[in-house]
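Asker: Please build the complete structure, drawing on both the sequences and the hints.
Protein chains in written order, with the working numbering: chain A, 5 to 325; chain B, 5 to 325.
In case anyone wonders, no lab produced these hints; they're calculated from the structure.
We treat Cβ as the ideally placed atom computed from N, Cα and C, and that holds for glycine.
Residues from chain A that face chain B, not an exhaustive set, calculated with beta carbons under 8 angstroms:
#1 I32
#2 G38
#3 G58
#4 Q60
#5 I61
#6 G83
#7 G88
#8 T120
#9 R123
#10 A126
Just some of the chain A residues that point at chain B, by a computed CB distance under 10 angstroms:
#11 L81
#12 V86
#13 G112
Computed footprint of chain A on chain B, listed as stretches where at least three residues anywhere in the stretch have a Cβ under 8 angstroms from a Cβ of chain A:
#14 28 to 36
#15 59 to 67
#16 83 to 93
#17 112 to 120
#18 123 to 136
2 protein chains.
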Amino acid sequence: MGERTAALSARAPAGAIQVTFLGTSAGIPTETRGLPSLALSLGGEILLFDCGEGTQIQFRRAGLRPGRLAHILISHLHGDHVLGLPGLLMSLQLGGRTQPLGLHGPPGIGDFIRATLERLAAHVAFPLEITEHSGPERVVHGSGYEVECRPLEHRILCLGYALQEAPRPGALDVAVARRLGVADGPLMGRLKAGESVTTADGRVVTAREVLRPPVPGRRIAYCTDTRPCPACLALARDADLLIHESTFTSDRAEDAQQKGHSTAAEAAAIAAQAGARRLALTHISPRYQDPEAQRADAGCLFPATVVAADLQRLTVPKRVA
Amino acid sequence: MGERTAALSARAPAGAIQVTFLGTSAGIPTETRGLPSLALSLGGEILLFDCGEGTQIQFRRAGLRPGRLAHILISHLHGDHVLGLPGLLMSLQLGGRTQPLGLHGPPGIGDFIRATLERLAAHVAFPLEITEHSGPERVVHGSGYEVECRPLEHRILCLGYALQEAPRPGALDVAVARRLGVADGPLMGRLKAGESVTTADGRVVTAREVLRPPVPGRRIAYCTDTRPCPACLALARDADLLIHESTFTSDRAEDAQQKGHSTAAEAAAIAAQAGARRLALTHISPRYQDPEAQRADAGCLFPATVVAADLQRLTVPKRVA
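Answerer: As structure tokens, this is what we get:
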């Protein structure tokens with residue numbers, strides 16, 4: 005455990021988006037899989053998706069810093085996805101937090117938190133900004149990214165989320181700029197920043213003429229708990245990483261259908277149809293002790309599949325032009 | 005971890021009372037200490053004292069069997085002591101439990117559970133027998149033991165508990181019985197069972213004449229969160245094991261007083277005054293990374309002190325005549 009924790013505590017490379025799986029079980033925790041939660045780190049902020057019992061403990065084990073937590077996004081009001089929330093908020097309070105925290109989820113999330121805190125004589129003094137959504141809509145407008153939500157297909161209202169990073173401006177094509185008469189130096193910098201400049205011979209050169217096309221930002225989709233559905237497809241469209249529930253394997257497709265869940269193969273089909281680049285399966289039923297079952301079920305349809313483990317970290321590299 | 009878990013899963017010796025610490029931190033979990041909970045195993049039953057967030061996970065890690073859980077006893081309605089309760093109940097339900105479960109605690113515990121389950125559309129189908137207490141009173145009348153509660157001194161109503169095992173009948177003094185004319189064989193067995201018998205020459209011999217004095221049962225007291233107080237002393241009186249909170253050490257005696265907690269030395273003084281045989285300190289503030297601080301603070305007053313660690317198991321041996 006020591007080595008793993010040490011590795012996890014290492015700083016993320018600059019510009020990296022990292023996803024840390026805090027709990028990957030479904031319904032009931034096992035000895036190796038905790039209840040659903042996932043931390044997404046980008047630009048010095050952490051977004052937490054779902055908050056099952058034990059999340060605050062896993063958060064610490066993963067070496068994540070509570071002070072960086074900016075938003076918590078809850079999929080739905082089933083116990084395994086939210087019962088870590090009151091304890092996490094109370095610990096943030098005990099830890100002296102003063103900065104705001106966004107809490108987003110389906111209608112009822114605010115009432116759940118208020119009712120729990122009230123009964124336990126607990127008080128959260130930092131600004132807890134609760135917003136309730138039924139989707140499709142924008143949930144967070146962050147610095148350099150946005151998060152949208154869409155209602156999935158589960159037994160109760162359940163929100164899927166997609167984080168979309170803003171596009172990066174294209175690089176300056178210096179050769180083209182020179183050809184248009186722009187001198188090396190400050191003018192090049194202004195073009196790079198998107199401005200228009202006037203050359204020595206009085207010609208106006210716009211940034212559009214000399215910048216390469218913008219590089220699309222990264223997209224990460226989070227779809228649990230759900231049947232495969234059009235909302236999953238929309239959230240996962242062209243995603244760098246699709247995190248999708250995989251409660252069952254294909255031999256239990258009927259269970260998945262009846263209970264409003266997905267099989268690994270169904271998750272893989274969504275990833276393939278959506279043109280996702282990578283698929284991480286989570287929300288694994290405690291019946292599966294060997295991740296190979298899930299991987300095999302998904303793998304033939306979508307080879308770039310990983311079956312997530314607790315405290316596993318995935319890095320989503322920047323897109324290149 | 006593998007070895008430790010294997011050792012923990014080993015069966016308890018027959019007649020043993022075992023105490024398994026599931027969480028030993030105070031307020032906030034650390035990387036090594038979870039939130040308060042403790043399992044007491046006796047005669048095939050498990051009694052759970054407090055149920056902080058993550059208890060169900062630790063319960064599994066300790067190799068304890070959910071089917072044996074008979075009663076849950078909650079000290080008070082602060083989040084760190086109860087936030088594992090809804091998830092534990094939901095997991096028992098998902099696991100198909102049908103047998104009754106006793107849930108005991110201060111007034112408000114029932115409302116907390118009902119409010120939480122209702123908001124999460126969760127239903128517990130097995131009989132959950134909730135009783136609320138303000139103490140002093142008997143809480144559980146089990147098979148061969150009783151549990152009493154008493155109100156401690158904390159910021160809100162907080163119950164301490166003591167489990168008292170029934171005395172064992174004294175052994176048969178065969179020499180005395182023979183001297184009184186009892187023949188070896190079935191008559192001896194009846195005397196042992198507490199009956200009177202008639203000897204061959206018509207004399208009535210009562211069990212009282214031939215049995216040694218009863219052997220007192222074991223006593224285990226659980227006092228957290230609290231200032232040292234007369235109720236602690238009463239619960240700990242002649243205890244085989246006193247489990248007492250030790251949030252601070254003596255250099256922070258003022259903090260302890262202000263926050264309604266105890267220092268290790270105060271817990272040790274209670275153990276000494278009460279004539280307890282052993283003291284286990286728990287509810288350790290996250291500020292203490294080395295248990296030696298607590299041990300040293302308690303040890304000079306009460307040498308038979310252990311600073312509990314998560315997943316540590318203590319066996320309370322039978323008393324001898």
